[in-house]
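Protein chains in written order, with this note's numbering: chain U, 1 to 487; chain C, 1001 to 1069.
Hints are computed from structural coordinates only; laboratory data are not their basis.
Quick caveat: nothing in here was measured; it's all calculated off a predicted structure.
Note that CB positions come from ideal geometry on N, CA and C, so glycine has one too.
Check each hint, because a few of them may be wrong.
Said to hold, decoys possible - In silico negatives: residues of chain U with every beta carbon more than 10 Å from chain C: (1) E7; (2) T11; (3) V87; (4) V108; (5) S124; (6) W142; (7) I163; (8) P187; (9) Y235; (10) L252; (11) T274; (12) M282; (13) I414; (14) N428.
Said to hold, decoys possible - Here are the simulated DSSO-like cross-link-like pairs (lysine-lysine), alpha carbons at most 30 Å apart as the crow flies: (15) K306(U) / K1042(C); (16) K1042(C) / K319(U); (17) K1004(C) / K125(U); (18) K1004(C) / K470(U); (19) K1034(C) / K341(U); (20) K477(U) / K1042(C); (21) K1004(C) / K249(U); (22) K306(U) / K1004(C); (23) K1042(C) / K159(U); (24) K470(U) / K389(U); (25) K389(U) / K306(U); (26) K1034(C) / K313(U); (27) K1034(C) / K159(U).
Unchecked claim - Stretch-level coverage of chain C by chain U, calculated; a stretch enters the list once three of its residues show a Cβ under 8 Å from a Cβ in chain U: (28) 1008-1022; (29) 1025-1034; (30) 1043-1049.
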Amino acid sequence: MQNPAIEYDYTVARWFSYLAILFGILGMGIGVWIAFELAFPELNYVGGEYTLFSRLRPIHTNVVAYGFTLSGIWATWYYVGQRVLKVSLAESKFLQGVAKLHFWLYFVTALLAVISLLARYTTSKEYAQFEWPLDILVVIIWVLWGISIFGLIGIRREKTLYISMWYYIATFLGVAMLYLFNNMEVPTYLVTGMGDPLHSVSMYAGTNDAMVQWWFGHNAVAFVFTVPIIAMIYYYLPKESGQPVYSYKLSLLSFWGLMFVYLWAGGHHLIYSTVPDWMQTMGSIFSVILILPSWGSALNMLLTMKGEWHQLKENPLIKFMVLASTFYMLSTLEGPIQSIKSVNALAHFTDWIPGHVHDGTLGWVGFMIIAAIMHMAPRFFKREIYSKKLLEMQFWLQTTGIVLYFSSMWIAGITQGMMWRAVDQYGNLAYSFIDTVTVLHPYYTLRGIGGLFYFIGLFMWAYNFYKTMKASRELEKEPAFASPMAA
Amino acid sequence: MDIKLLQGVMYFGLIVFLTVVLYGYIFHLYRSEKRGERDYEKYGRMALDDELTSTPVEPIEEERKKESP
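Build the full structure now, drawing on both the sequences and the hints.
And the structure:
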């Protein structure tokens, strides 16, 4: 068989884990700050133009999506990829080099991205704000990741690709396609010889631009916040619990179902706008159908715990993952409900939308990345997890934070929507905009507090990870399933 | 035929086609397992037996090994 001296090479997985923690704290710290800005507007001006909501909001979304989440995705890819293909990165100096280059180029690009957004360089397309030189760097990073994926597949020992691999590959292909098409842009200086060299304009105009933008925007949620996170849960939950996935066939079916349906659902962002009506209707219909493959994966995960539910009580990592799966079910039910035209008429542009986004991102994406990194920590450092109690406290504090966040935004959003559409007996609007702002103030404050709870939880996570690395009891061998942790 | 109508018909046709493919896939999965051609559930072990020294669920026949002494 293979050379027993070779071991899995976790170097790059470790580096990306550090970055996920750092970007998590940075991105969500800004998120908490701007949440409080909405409740207490004077906070906008404490740092001049640099602390205005409009300047910080894109930094929050980009750092969380493309900093925290992508780092988490790559930390897990460089771990899971090797393990399910049964091949070590150390077996190919080339792939090892590509992985390191991938990390460093990403790190530099991420810093440049934050600086450029802070300096107000933006294409003004939501979630696609980076200007053209950064887009080129992103493409190079993506190609490096592709080389890493297909390179490792090329030297694998396991013939069949495990379901997580399918999801990582789909993430790679999906984002590549979306990013290229949505960021087709013309650098104005290169064409006209005038203006700022960093400025560009979209190659699409008007409604077409909106359609491409929301085809991208919604599928960025699909291929950054959903598909790779499913890749993670299909590996980490079975591995941590010691239970094989409940139904492998269901995992394959859900995969194709998700791929088939997700790409058509973006039209729901443009309901009651200038896009063709049939496209809006299709967006709604596909969003509702999307419940099926989403719940297919989530139920498959919950059923994996069948007969093993005592682990939920005993193991905080299982708690994180089971709740992640549950939040996935919640947000994939809530999203389709919001996509129904009549509901959308009430919900669109209200605070219910960020409420929906955050029960998905904080509950599903955040919890899954936290659990995955804490599962890897004992394997990275050959030490047990520093404190189970701290992990438990983090879980409950962050769960409370999420509940505060989404419940306050549900109430705020529906109140807001109802007030906007309320009319008196003559058809005049019953409320002015400022009336809604006054009513919503307590909910905005509650949202900020919920976010703060989650943010404090991130420091508990970082501390636990750091102490695991430095001060925890050493393990004689790598744990097989449940991660060992000190009380 | 009006281009908009044509687009609509093609879109609908594509959806029907993809739906048939998806259901065909379910049928294929269950039929090949029933006939004993393939056991899909064994692949679930790949996440659990994932040491470098674990025996692969389905090993790749490495040409390289045959070539090397």
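- Message: To test your reading of the hints: which numbers does this structure violate?
- Response: Failing hints, ascending: 1, 3, 7, 9, 10, 12, 18, 19, 21, 22 and 26.
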